[in-house]
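**Q** Sequence:
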Amino acid sequence: MPARLVVEADGGSRGNPGHAGYGALVRDPDTGRILVEKAAYIGKASNNVAEYSGLVSGLELARELNPQAAVHVKMDSKLVVEQMSGRWQIKHADMRVLAAKARKVLDPRRVTYEWIPRERNKDADRLSNEAMDAGMAGVDWKPRGAAASPSKASGASPATHDAPVQEAPRRVGRLHHVEVWTNDLPAADASLGWLLERLGFPRKESWKDGVSFGSEEFYVVLESGPDIAAGGHDRRRAGVNHLAFRAGTRADVDLMARRAASHGWTLLFADRHPFAGGPDHYAAYLENAEGFEVELVAD
25 MPARLVVEAD GGSRGNPGHA GYGALVRDPD TGRILVEKAA YIGKASNNVA
75 EYSGLVSGLE LARELNPQAA VHVKMDSKLV VEQMSGRWQI KHADMRVLAA
125 KARKVLDPRR VTYEWIPRER NKDADRLSNE AMDAGMAGVD WKPRGAAASP
175 SKASGASPAT HDAPVQEAPR RVGRLHHVEV WTNDLPAADA SLGWLLERLG
225 FPRKESWKDG VSFGSEEFYV VLESGPDIAA GGHDRRRAGV NHLAFRAGTR
275 ADVDLMARRA ASHGWTLLFA DRHPFAGGPD HYAAYLENAE GFEVELVAD
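Reading the sequence shown from the start, the letters are residues 25 to 323 in this note's numbering.
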């Protein structure tokens, strides 16, 4: 194994806290080849805990390949990178436990950290989303055609490219993205954009007339521009009425609905809240100034 290894790791939470998972891989820095990768669903957790879990897993993979290697960690989590580099304090108890575990995997003197933008961490981001998809579907994560793991106990799987790899099944029938057109992009970003980030959709890309939130697996676009017809949005006309998101526990839904009032949202059906959708359906229905409706559904 190479004397130098690169670890790339990521984690995510849909609801923050919500369904969470992580992805990690080890890359040969000289060839760019992925040597091994792993992903796992960790149940309900925060984004930060999921990212730390990905770091621990990545370091464990590197140790299995070469316990004496110098390891360079790349992550798009500024928090994890700064805390593990010793520049920021770790205040959250769960993260302190995971940070201590990470430091025990390898000699910290042989590990360096680098923050990278999300678009350069796509492989680890893909793995973490695969883990969340699998966990929410109630199945185990399986690598995309990779061979057997070098350590069955670790659950890792090498992503070598020397042997033939079976083609992954076509992922059809899933939503790829949703595009919302708006007459007022700054206002939509301040309301709908804020809500999407709270729901676990990180800001992805921005351009002159738009912004997107999410990952390569699924994202939401807010867009304005000269092609939008006059007349404004009316959810009561024929067409898409509203977007509905899983938002965590009942307490999570209540908290987000209260905070949304400070970001341009009004509670709909207040006289029947939180059971406007029926006695067994706990949800908050919100509308912003442009008339877009969002439903936050409790698990």
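Treat the hints with care, as some may be off.
To be verified - Keeping only pairs whose Cα atoms sit at most 20 Å apart, straight-line, the calculated EDC-like set for lysine to aspartate or glutamate is:
(1) Lys232 to Asp258
(2) Lys166 to Glu143
(3) Lys146 to Glu221
(4) Lys166 to Asp213
(5) Lys102 to Asp295
What the hints assert, rightly or not - Pair by pair, the computed Cβ-Cβ distance ranges are:
(6) Val163 to Arg283: 27 to 37 Å
(7) Lys125 to Leu291: 11 to 21 Å
(8) Glu240 to Ala117: 49 to 59 Å
(9) Pro91 to Gly249: 29 to 39 Å
(10) Pro91 to Pro210: 29 to 39 Å
Treat the hints as calculated values from the structure; they're not laboratory data.
C-beta: ideal position from N, C-alpha, C; glycine also.
**Q** Would you mind marking each hint as holding or not holding in the structure?
**A** Verification of the hints:
Taking the CA atoms of Lys232 and Asp258, the gap is near 25 Å; set against the 20 Å cutoff, the hint is violated. With a C-alpha separation of about 24 Å, the suggested pair Lys166 and Glu143 falls outside the 20 Å cut-off, and the hint is violated. Between the alpha carbons of Lys146 and Glu221 the distance comes to roughly 18 Å, so the proposed pair stays at or under 20 Å and holds. For the given pair, Lys166 sits about 36 Å from Asp213 by alpha-carbon distance, which is inconsistent with the 20 Å threshold.
Between Lys102 and Asp295 the alpha-carbon distance is near 43 Å, which puts this suggested pair outside the 20 Å criterion. Hint check: Val163 to Arg283, Cβ distance near 34 Å, so the stated range 27 to 37 Å holds. Here the CB-CB span from Lys125 to Leu291 is close to 42 Å, at odds with the stated 11 to 21 Å. The beta-carbon spacing between Glu240 and Ala117, approximately 32 Å, falls outside the hinted interval of 49 to 59 Å.
For the pair Pro91 and Gly249, the supplied restraint of 29 to 39 Å is violated, since their beta-carbon distance comes to about 54 Å. For the pair Pro91 and Pro210, the beta carbons lie near 52 Å from each other, so the given range of 29 to 39 Å is not met.
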